[in-house]
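*Asks:* Spelled out, the chains give:
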Amino acid sequence: MSKHYSALALARHALDPDMPWPKAWESPEPKSSYDVVIVGGGGHGLATAYYLAKNHGITNVAVIEKSYIGSGNVGRNTTLIRSNYMIGGNTAFFEHSLKLWEGLSHDLNFNCMVSQRGQIVLAVNPVQMDVFARRGNTMRLNGIDAELLDAGEVRKLLPYLDWSKDARWPIYGAIMQPRAGTVRHDAVAWGYARAASALGVHIIENCEVTGFVIENGKCSGVETSRGRINAGRVGIAVAGHTSHVARLAGMKLPVESHILQAFVTEPIKPIVDNVISWGAELFYLSQSDKGGLVFGGHIDGFNTYTQRGQFNRIQTVAECAVSLMPFISRLRMLRHWGGIQDMTPDGSPFICKTPTRDLYLNGGWCYQGFKATPASGWTFAHTIAHDQEHELVRDFALDRFEKGRELDEFGLGNWTYKQ
Amino acid sequence: MTSFRRLSTGGRIARNQPVTARFDGKPLPGFTGDTLASALLANNKVLIGRSFKYHRPRGLVAAGIEEPNGLFTIGEGARNEPNVAATMVEMTDGLVAKTQNAWPSPNFDLMAVNSLLSPLFQSGFYYKTFMGPSKGSWMFYEPFIRKAAGLGKATDLPDPDRYDMRFAFCDVLVIGSGPAGLAAALTAGRSGARVVLAEQDSDFGGSLLSGNDAEQEAWRVSCVEELQSLPNVDAFTRTTVQGLYDGNLAVLVENRSRLHPDPAKGQPRMVLTQLRAKTIVMATGAIERPLVFSNNDRPGVMLASALRSYVNRFAVAPDKRAVIVTNNDTAYDAALDLAAAGIAITVADHRTAVSADLLSRAGARGIAIFPGSGIFDVEGSKGVTRVKLGGAHAVTIECDAVGMAGGWSPVVHLSSHGGIKPKYDETAAGFVPGGFPASHFGAGAMMGRYGLSAAIAEGSNAGASAASHAGFGKTRPVYAPEHATDRSYAILPSWSPPQGAKGKAFVDFQNDVTIKDVKIAHQEGYRSVEHLKRYTTLGMGTDQGKTSNINALALMAEYRGITIPEAGTTTFRPPYAPLTMGAIAGRTVGSHFRPVRRSPLHDWHVKNGATFIDAGLWKRAWYYAWAGNSPETAYVKEMELVRRGVGLADVSTLGKIDIQGPDAAEFLNRVYVNGFAKLPVGKVRYGVMLNDDGIVLDDGTTARITDNQFYMTTTTAQAGEVMSWLEYLLQMQWPELNVQVASLTDEWAGMAVSGPKAREALQLAFPDADASNEGLPYMGCKDIPFDGVTVRLLRMSFSGELAYEVHVAADYAISLWEHILKAAASTGIKPYGLEALASLRIEKGHVAGLELDHRNTLDDLGLGKMAGKEKDYVGKALRFREDCQSPERWSLVGLELMEPDKKLRGGSILFAATDEIKGHGRGYITSVTWSTELNKFIALGLYKGGLKHEGEEIIAAFPLKNEQARLKIVSPHFIDKEGARLNA
Amino acid sequence: MMIPCPHCGDRDVSEFRYGGDASKQRPAHGTGDLKAWHDYVFVFENPKGPHTEYWQHVLGCRRWFRLARNTATNEIGGVVS
Amino acid sequence: MLERISALASARPYVSSVLTIAERAGFTLTQVAGLSPDFETKLSAAVGPLPGSVSRAQVNGERVIFRIGPAQFWIVEPEAGTTPARLDGVGAVTPLTSSRVRIAIAGAPAREVMAMLAPVDFHPAVFTPGAVALTGIHHTPVTIHCTGENAFDTYVMRTFARDVWDAITDAGAAYQF
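Chains as they are written, first to last, in numbering that gives the first Met the number 0: chain V, 0 to 418; chain H, 0 to 983; chain E, 0 to 80; chain S, 0 to 176.
Note that these hints are calculated values from the structure, not bench results. All values reported here derive from a predicted model rather than from experimental measurement. The C-beta atom is built at its ideal place from N, Cα and C for all residues, glycine as well. There's no promise every hint is true.
Sample of chain H residues lacking proximity to chain S, with all beta carbon distances greater than 12 angstroms (derived) [said to hold, decoys possible]:
| # | residue |
| --- | --- |
| 1 | 8 |
| 2 | 25 |
| 3 | 78 |
| 4 | 193 |
| 5 | 267 |
| 6 | 628 |
| 7 | 660 |
| 8 | 707 |
| 9 | 779 |
| 10 | 961 |
The calculated EDC-like cross-link candidates involving lysine to aspartate or glutamate, where the alpha carbons are at most 16 angstroms apart (straight line), are [said to hold, decoys possible]:
| # | chain 1 | residue 1 | chain 2 | residue 2 |
| --- | --- | --- | --- | --- |
| 11 | E | 47 | E | 74 |
| 12 | H | 515 | V | 17 |
| 13 | H | 277 | S | 120 |
| 14 | H | 518 | V | 15 |
| 15 | V | 155 | H | 155 |
| 16 | V | 268 | H | 155 |
| 17 | V | 402 | H | 881 |
| 18 | E | 34 | V | 17 |
| 19 | E | 34 | H | 881 |
| 20 | E | 34 | V | 398 |
| 21 | V | 417 | H | 720 |
| 22 | H | 960 | V | 149 |
| 23 | V | 417 | E | 20 |
| 24 | V | 402 | H | 691 |
| 25 | H | 943 | H | 887 |
| 26 | V | 417 | H | 852 |
| 27 | H | 518 | V | 17 |
| 28 | V | 164 | H | 613 |
| 29 | H | 503 | V | 17 |
| 30 | H | 618 | V | 398 |
| 31 | H | 501 | V | 15 |
| 32 | E | 23 | H | 691 |
Same shape as in the complex, but just chain V (with noise of 0.2 angstroms):
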């Protein structure tokens, strides 16, 4: 049996076809108590955990999901990564994170197919291209890769696009991040377990919180729907249902839920070499390793639980997709689906500590759950940990509303779902 992965394992295992793979992750039942408990078994509350133990040797640690790991929107993006961020406090923490996406398979002996095939945003007009400046010019002096395209150097490497006189929006230039791409999701949240689990994590499924243990303004645990467990301190990441959460520790937040949808054509062979984001209309688009075009649009613009969504927004990405790739018109769509995310006025996320003590927070991710999961992971681990903000999340504080302090990266103003 190998507990490591790699080539030849996978050989030893073909010769022997009788020889067991082990479980990726160990499914103990819950102990009474854990130094650390992180609420919520997703790729943020997962990668938190593995570093907990691998960063700040915390390996008493349990993970607890409602459902089965990975079951929230880390298995329902559209699978992008890129630090193309130009606000001061966003551009460090997602670079990062693409960092750590680098030597994520290594690190976890997973492959994830962190497939850096570069982001390629398309801009309609030469104001897009001057605020697209602004961005790369901020992310070449942060280090990050970045270089603006002009039309004719945009049709060489797409020339599928619509360049004909009947495209509404011609297309002028680009920002293209060569480091960007995309990963596959699911190993993330599976990789993650698996490497935390191997620390000594515990990953404890179908186990609801249903309440916070606080007194004296102090956290000490979770009521659960399999008995009370005790923590040290308690970490919540639970995107999508933050609101509810909170509420059970009495917090209200300034996040909305909304539904994100993505989706999937059936597979073809390699045609869409990059991921290619559109600045007409909110519309991004990449080619899965299995041969899907998967891609998405805005959110459907007004808050719900529901995993549905609404078919105009379909036609909206639809539309987006035929207008802007003529020949996507003919391939077929196999599933749509919908995540629920948190929307928070500014755009931006929360890691920080909470007015209980040892109680912690990291949720309103927006649109970009995702490609944070290592660096959120990382960062909120340190808070945790330190019980202090780790640097790089220093801004993405609570009370960044009431001081005045938004991070709106795209300048779209305080409504939730507009962002």
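Could you slot chains H, E and S onto chain V? The hints should help.
*Replies:* Relative to the frame of chain V, chains H, E and S by itself:
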């Protein structure tokens, strides 16, 4: 070797209408009424493709939409469409089909080497390898994996076809036209309700189309005829209900591909209907399940019901002998019909006891039955040659085909699109709807109630209930044909195959998922249904697991030692079947993608050589041919015209709002930070609005036309937002204010007459108007009659020059514009475009879109002093949040380029002279222009600490082009700080 | 989803503009209380269940109204005053 | 001297033997909105009976009245009409003649074409002559008025009119031959 052949009689094919398709470059004959699948079988093309991962030879499995293997590329060139199930393609002349995922051909596929490596390719293998030797190694392996993956090849040419979208409404939507659906539609139709019947197949009848009973056929025909005679019933074939959405919105897609529609004649290839139905009857039937056994993917192994469809509907059958393996009674329908067509049939029945009735009927047809037996293995590399049975009768049978009858899975997809999970029904041995909202009904096999008379009775009831729910009480039921009987659909569950066979036993054909893969997923802990699917890719193919999901779930339940319902079910998401993207997008693509908004002067701009630029939805005149052909230089000429003479610009895109009522002044006083209560009639004022968060929302001007009437302008970009915001405040928050607002953006055209000679030009154009400083002072406004039309003159300036805006009803815009140009020709007046407009305002230090980006406070933009100290206004409280008042915020500065040989660019990052050039800097450049006044590049920007640093030399960095330049911070008012020109 | 415009009747959601949580009481015009405005502008109950919210029939009569909707099911409760 | 120029002056004409899609120019449009409780009484005195609901137009001779919002009406009449002069003191009066382009869609396939454009039930038993819908075509607000068995007037925003024209004629493309 002949395995399948066309029978000389029978079937629903039109033998008098032969058609020929082209298949892999060669003619493929068939008849109208054939599908590509039936034509392939009729021509003995049994091996028709290679599997996804192992490149194993594959044949057709099904006769309907659930087909996992028979995927082809249909059409060629720009009309190339990959991965189309042959079972859903109607044979026509001119049809072109190609095999895919095999090289050089399905018969001899070099990629079949993968099959030898199959032990390596077990589920999850790629998560365990391709990681070395270095961090980025995946990038080396990935292209090979990508090339191997994917099914067919897409074209990268634009789709030439047209897709229509329409809206429709009905009282009762019936989905599916099998016995239950026909009964439901007819019962509902007889009530007078507006009924839509949607059938995905090319004809009505569902399972009846695969039968061969004359009485049932007569019943079907009479139902269809009556339905077609009812004016209140719309019945559609080739129309798939792809999804149900909130509010009973059903999305129907009709496929007209077989007609080879001509887009130039407005003929759509597909029509998507957004149907709002008051009530919905689902009569979507059931899909047969395969059985899992060694080499169950050999070409020629198919569903028993598919064999029955092929023989009865298409007159295509196995050449001599077929083996049918079953765990239930329904297989005998196929067995009897095949035997009736002269095919020798052997039935291997998992059950030890078979009913006497079946035994005697089978015996009469010479069918050999082996009870207590199943299939141990299937032999034959490119088609079935032999079957080895296991169990009670371990015999070997030479045969051409195998039919699998593993029980039935109700088609519950649509019932769960609304969020209600299906539930497992032991009797039906499958998942049935977990419930319905009040307006939804189910009938027939999709409810897990099989059998003809039951389906018809239930359909009739459902139709009546649905009509009644929609308000139509009276109807007549539909009765089953006299001899309809109900066969038992009970199965003997036996999910695992017999032990010992060496071949792969497939659970999901399309994605090459075997029973071993399910085992591995279980071993490794990927045990929840979603983990199983995601880890093995089971059910993720184009067939979305229509044939595989239950078997996989049952196997996992078996390994875990729990029941199937405990193991769970997967969520069914739309679309029901692969849905063409073009059909969803409809006509809203290409130039129709989003509406173009055109100024009332647009046609003039076109005729007079304007180059246009997109600004939101607007097409705006960017610069004019008289000034040159390059956007880099033309605007400079146009700026010079305005600074030295007079220019005319189209400003019709500004938002314009009529505000009337006794409280109009109070209203404006609340929404603007500066005072409007005391604005005199005949005066205009610049105003700024904040959002509730204290951040700048928009700026603009408002003129007081009468005591109770104001004329507001907004920025072009925010016009819609501001209008909605004003309506919101009035309707929802301030009902005490008696004010009415109306958008005038489309009613009024606006043109700016700007430059030192503006007054002269205006006077020439409107000789009767007093344009003197006294008659129309700076920030004055008045309406004048001109040629019987009201013209509104507003003396205000965006450019900093002496300027007027002339507003007129849009119908007269071109005429008035031409009049001004002609009447004032002696001043040298010419048009100037958006680039010059935007550049002139930079010289004057006016903020615009790039500065009004929802991130800046009044003080950031140097407008803090405008706000009334005593008065209340929207956003006042949050304007004074701690950080919003910080003196270190990035705020508006003017910038002059100090190095004349360099160029200044928007989006440059600003640094102090002594800073290291890295990080986020101290600000950035928002807008840049060449200044004709200063003869150098100037810019507006935001800089930490703002004008505290006036006079300092700083650095603009543009690393994307490896550029740096020295700048000086100056007042953003580059010209005429005292406003002498404005007041001239 | 169909939204019941109090003026035009049931219409497709695509004709409307969403306007956010309507259960929050806007502080009186001129109130300088920073905390009250902060909570009003930035903090949300965000219930999974009944919710009252603003909509405007922007491709219709342009009327704003308050709508009751269940965020767990998208079931429409109707217009509330 | 000043002349009115249509927003559709450069639009491609639509020609079909079964379907008319054509601009119907030559009207004035006045919006009047209430500023007092007796607004509707005063308005009615000036222009005649008012439509009871948003979904029906009131035709008073050559004058067509639409209820387009809460206490808001549109009054459409031929260019020579006298309405604006009668509205003094009735409410907030806003001339909107230039702001809308009126496009007539008429003929046997008219209902099918309308159904391709707006999410409204155009069934002949539902959207009968006199019916009105305030809705959207091609993402822009429109007012649709059923003027006959298979005839509709559609009031579209002037600045979008050219593109909405293209969308409407494109929907009717199949009838051009």
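*Asks:* Run through the hints listed earlier and report the numbers of any the structure violates, in increasing order.
*Replies:* 4, 5, 7, 8, 18, 30
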